[in-house]
Amino acid sequence: MPSQRLSVVVTRRLPEVVETRMKELFDVELRDPDTKMTRDELSSAMQRADVLVPCVTDHIDANLLAGAGEKLKLIANYGAGIDHVDVASARQRGILVSNTPGVVTEDTADMTMALILAVTRRIPEGLAVMQSGEWKGWAPTAFMGGRVGGRRLGILGMGRIGTAVARRARAFGMQIHYHNRRRVRPEQEEELEATYWESLDQMVSRMDVISINCPHTPATFHLMNARRLKLMKPTGVIVNTSRGEVIDENALTRMLRSHEIAGAGLDVYEHGVEINPRLRELPNVVLLPHMGSATVEGRIEMGEKVIINIKTFADGHRPPDLVVPGML
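Just so it is clear: in the sequence shown, position 125 is 125 by our numbering, and no numbers are missing.
The set of hints was computed from the structure by calculation and includes no laboratory data.
Values in this document were obtained by computation on a predicted structure and should not be read as measured data.
Treat the hints with care, since some could be wrong.
[Claimed, not checked] Just the calculated beta-carbon pair ranges, DEER-fashion:
#1 ASP315 <-> ARG48: 33 to 41 angstroms
#2 VAL296 <-> ARG48: 27 to 35 angstroms
#3 THR295 <-> THR38: 22 to 30 angstroms
#4 SER258 <-> ARG91: 39 to 47 angstroms
#5 PHE143 <-> GLU198: 33 to 41 angstroms
[Stated by the list, open to error] Derived DSBU-like pairs (lysine-lysine); straight-line CA-CA distance at most 30 angstroms:
#6 LYS73 <-> LYS36
#7 LYS233 <-> LYS311
#8 LYS36 <-> LYS311
Even glycine gets a Cβ: it sits at the ideal position worked out from N, Cα and C.
Sequences and hints are given; from them, build the entire structure.
Take a look at the structure:
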């Protein structure tokens, strides 16, 4: 399939440099304005495109795939996470799915560490007082948080991002613990001085900070449910820069309100933009608008990976970042 005839539909606005390069290479339809496509718009795009470039806000289920046009042969996702795409149904219809792994690792790990510091050192509370003009000056007992050095950090998911978080936390003097589907290599454990826990329950009950760094899959949905959240120390903090569905958000909100958990730093939410309003009211919670990977460099690199996947496919080869069943 010659690349000059390849029809590409992009569902959201991308960095200008990425869009310009796509225009140079493909017959591309860009999104303007930058709003989420409705389901009907997404369905229409899938009927007329050879390649669809969606992102995390586009939920592509079996019904949408069933109505896709015969031209659609590649879904080149703009992002590493692919839980919003029914990959199994796509493969049954002969549609390949690619993603952009590895690009957001360092950016997301930076944000995870920022949230750990923000919650434990009560940074948003200090900002709020300064912005309101109510600060009366320094006092010995004002805004006392906790020192991160020496605390135990439990990482749930020691993949690329979890490992990057561990390296940062180790530099801050934190003790590294982790739970993973598979134990990492001995040399990696030695480098990070990391302790492996086969039992997630046992790890959770002993940690000062829990960092969620695993993907959302059927196996990880509500992995941090009410029962497991109750295992946390009352002084414990939980941070999530992965996927909101991994935590039972209602249970977390109840426990934060009743001070059964000391604090939380969240960049992702179980129901997208529909955040529990009671969660917004809590002073011991730091909420961010899914900005863990939001750097200029990261967004451009994601776009470059999308372009490489499409161009490789257009040249008759397997996209380098093809999503295969073993990854799900």
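These are the hints, each one checked on the structure:
1. ASP315 <-> ARG48: 33 to 41 angstroms: 22 angstroms, violated
2. VAL296 <-> ARG48: 27 to 35 angstroms: About 31 angstroms separates the Cβ atoms of VAL296 and ARG48, which means 27 to 35 angstroms holds.
3. THR295 <-> THR38: 22 to 30 angstroms: At 29 angstroms between Cβs, range holds.
4. SER258 <-> ARG91: 39 to 47 angstroms: 45 angstroms Cβ-Cβ, so the 39 to 47 angstroms window holds.
5. PHE143 <-> GLU198: 33 to 41 angstroms: 39 angstroms, holds
6. LYS73 <-> LYS36: Holds, at about 22 angstroms.
7. LYS233 <-> LYS311: 50 angstroms, violated
8. LYS36 <-> LYS311: 25 angstroms, holds
Going down the numbered hints, you'll see the structure goes against 1 and 7, while the others check out.
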